[in-house]
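Chemist: Next come the chains, spelled out residue by residue.
There are 2 protein chains.
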Amino acid sequence: METTGAPNDGLLQHPWRPVAIDGCQLLAKSCFGETRYHILLTDLHCVWEETMHSAAIQSRAQELNKRLQAPVKAFFSHLCEVVRPCLSGSRQPPEGEANISVMRLDGGNLSLRLKSKLAGLPLHWEFRCTPAPVTVVCLHLVQPLLSMSHTLQQEVEQLEGLLVSKDAEIQDYKENGATLSRARLQTEIFERHTYRGSFLAKTLAVVCSDHHSVKNFGVDLQELYTAVVAHGSMRKRKLSEQDELVTTVVDATTSSDADRGEADSEQNQTSPVAEAGDHIVRTATTQQLATCGLAERAPSKAKKKKAVGLFR
Amino acid sequence: METTGAPNDGLLQHPWRPVAIDGCQLLAKSCFGETRYHILLTDLHCVWEETMHSAAIQSRAQELNKRLQAPVKAFFSHLCEVVRPCLSGSRQPPEGEANISVMRLDGGNLSLRLKSKLAGLPLHWEFRCTPAPVTVVCLHLVQPLLSMSHTLQQEVEQLEGLLVSKDAEIQDYKENGATLSRARLQTEIFERHTYRGSFLAKTLAVVCSDHHSVKNFGVDLQELYTAVVAHGSMRKRKLSEQDELVTTVVDATTSSDADRGEADSEQNQTSPVAEAGDHIVRTATTQQLATCGLAERAPSKAKKKKAVGLFR
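These protein sequences, in sequence, are chains A and B.
At position 42 of the first sequence the residue is numbered 42 (UniProt numbering), and the sequence of numbers has no breaks.
At position 198 of the second sequence the residue is numbered 198 (UniProt numbering), and the sequence of numbers has no breaks.
This is chain A alone, in the form it adopts within the complex:
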């Protein structure tokens, strides 16, 4: 659910990657099409984005490069070549070939200014990123990060269980008189609570010394992120197919109810007075369902019919 009308350009499926641009540590996500792009950046204190399409790119290219003659496609192809590796964290542009500076502007905007060369002439570009809407931050960061934390917490619990089983096996060998040929192989009995306390005390001191470090989004977490959003998207597609199916069924049921002219129609009768003050309540109720999101996705048939009725 791209709630903000953000382009459905597959950016969600891209992992965040730690990048260092102009000495700034950022997490970046970008998606470059033929003559369009969508980028997201965060320093973990704010999140910025910019989406640009062909005409806007052409106009800004002209604004920043008065003498530019190249068609937007050639210009954009060069831009991609220089910028894409930087934003994917794979490499910095070679010294002299291109220079990118990062500037935080008044109003909370973030500007990435590129100076490069195209056919021997200086070429300028500017990514004018604005703070992303909270819905975008939720979609691209909060939701996946919570699912990742939950998944990892489950994995920790399962691995702890496996360790307890290994200890039971070891204990049985020992009770039957087995001994180790190499004493260094002896492990301590795993005790969940003692272990966790000591692990957290040690690890949090290190993790939190880099508390806001974008580097914490390492390769393992990038892979998990991709897996989580891929599963989430699959789930959404399935739900959306189910919704279509339910709506079709409900529509058919509503029509046949109407034909029978039964009790339901009474619920839709309103006095003019009630009707006047009713709009906000209706809006609120419908939007309330929207707020509840997935939790409300499987209402009873009666509930669903009522919700549909609000729009009639």
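Don't take each hint at face value.
Identical copies go unnamed one by one, so any copy, or any two together, can satisfy a pair.
Straight-line C-alpha distance at most 25 Å; calculated DSS-like pairs for lysine-lysine [stated by the list, open to error]:
hint : residue 1 : residue 2
1    : 236       : 115
2    : 73        : 202
3    : 73        : 115
4    : 174       : 115
5    : 115       : 238
6    : 215       : 236
7    : 115       : 202
8    : 117       : 66
9    : 73        : 117
10   : 202       : 236
11   : 215       : 238
12   : 66        : 115
13   : 238       : 202
14   : 202       : 215
Honestly, the hints are just simulated from the structure, not real lab data.
As the structure is a prediction and not an experimental result, all values here were calculated from the model.
Starting from the known structure of chain A, fit chain B onto it as the hints suggest.
Modeler: For chain B alone, kept in the frame of chain A given last:
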């Protein structure tokens, strides 16, 4: 760093708790003082907040309860009693005692409307929550969730290592002819990659069937959240103390440099022309340092002096 001027009321240290209000699944955080409160709510698609202090509470209480005579303190004390348990997920208000409805309003706002009774008279309250700034979402969700994911990923790796050690111990017993008295205690050899693939395939299907479920923020994650933000805050306090120390040292150094009238002063000399176009660059450079946040917190002495110079 409460970058938005949000009240430093300790809300960061509170864990998020899954709550169900009026059928809506939300994560909530709240902090109630004597006659003030600060609440944060999210359905994982948006994040809302409201901060209210004594005078504003009094004025809204009067607006919503024309006949109210009670002093703000008595009113607020009753409000806390009813609302606090709901927002901490500990219990719903008993049927008939109070009713809270959740409404998503135009403009993306979220309203929680309370109907209760005080001294036998109906009592109304409304939490008028607005979408939280992205910086607040980063502070209360993105930063801690990333640190939590990173910590849990480390824990997974460490537990995997322990399992490999257990297997080495078991293997040694076996090679020395040990046998199990109870065959059911036998475990499979732990193979990191096979295990992870199969774990993720199974778990993500379940986690992502509840992809946006606030219930994923379970008790274990709440505890980890609290530990992570507590360590983060400790770290910030230490850094802030260090910063004060560095600033004092730098101030002293700058003064003595100025007394000696050395080369540094040349760098601050600007022609009138250069000065005119210089403001935006200066602003950008200073703000750039701010953007880079903690990554830039330990600059060389020379760098620090330059940054300080920009404000003089």
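Chemist: Run every hint past the structure and note whether it holds.
Modeler: For each hint, the structure was consulted:
1. 236 to 115: So residue 236 and residue 115 fail the 25 Å test inside a copy (41 Å) and across (36 Å) alike.
2. 73 to 202: Classified as neither: same-chain Cα gap 53 Å, cross-chain 45 Å, threshold 25 Å.
3. 73 to 115: Within one copy only: 18 Å inside a chain, 61 Å across chains, cut-off 25 Å.
4. 174 to 115: Classified as neither: same-chain Cα gap 69 Å, cross-chain 66 Å, threshold 25 Å.
5. 115 to 238: neither (45 Å within a copy, 39 Å between copies)
6. 215 to 236: For residue 215 and residue 236, only the inter-copy Cα distance (18 Å) is at most 25 Å; the intra-copy one is 30 Å.
7. 115 to 202: Result: close neither inside a copy nor across copies, 45 Å intra and 48 Å inter.
8. 117 to 66: Within one copy, since 14 Å is at most 25 Å while 69 Å is not.
9. 73 to 117: Intra 16 Å, inter 67 Å, cutoff 25 Å: intra-copy only.
10. 202 to 236: between (39 Å within a copy, 18 Å between copies)
11. 215 to 238: Classified as between; 21 Å across copies, 34 Å inside a copy.
12. 66 to 115: Within one copy, since 14 Å is at most 25 Å while 63 Å is not.
13. 238 to 202: between (43 Å within a copy, 18 Å between copies)
14. 202 to 215: Intra 19 Å, inter 28 Å, cutoff 25 Å: intra-copy only.
Hint check: violations occur at hints 1, 2, 4, 5, 7; the rest are consistent with the structure.
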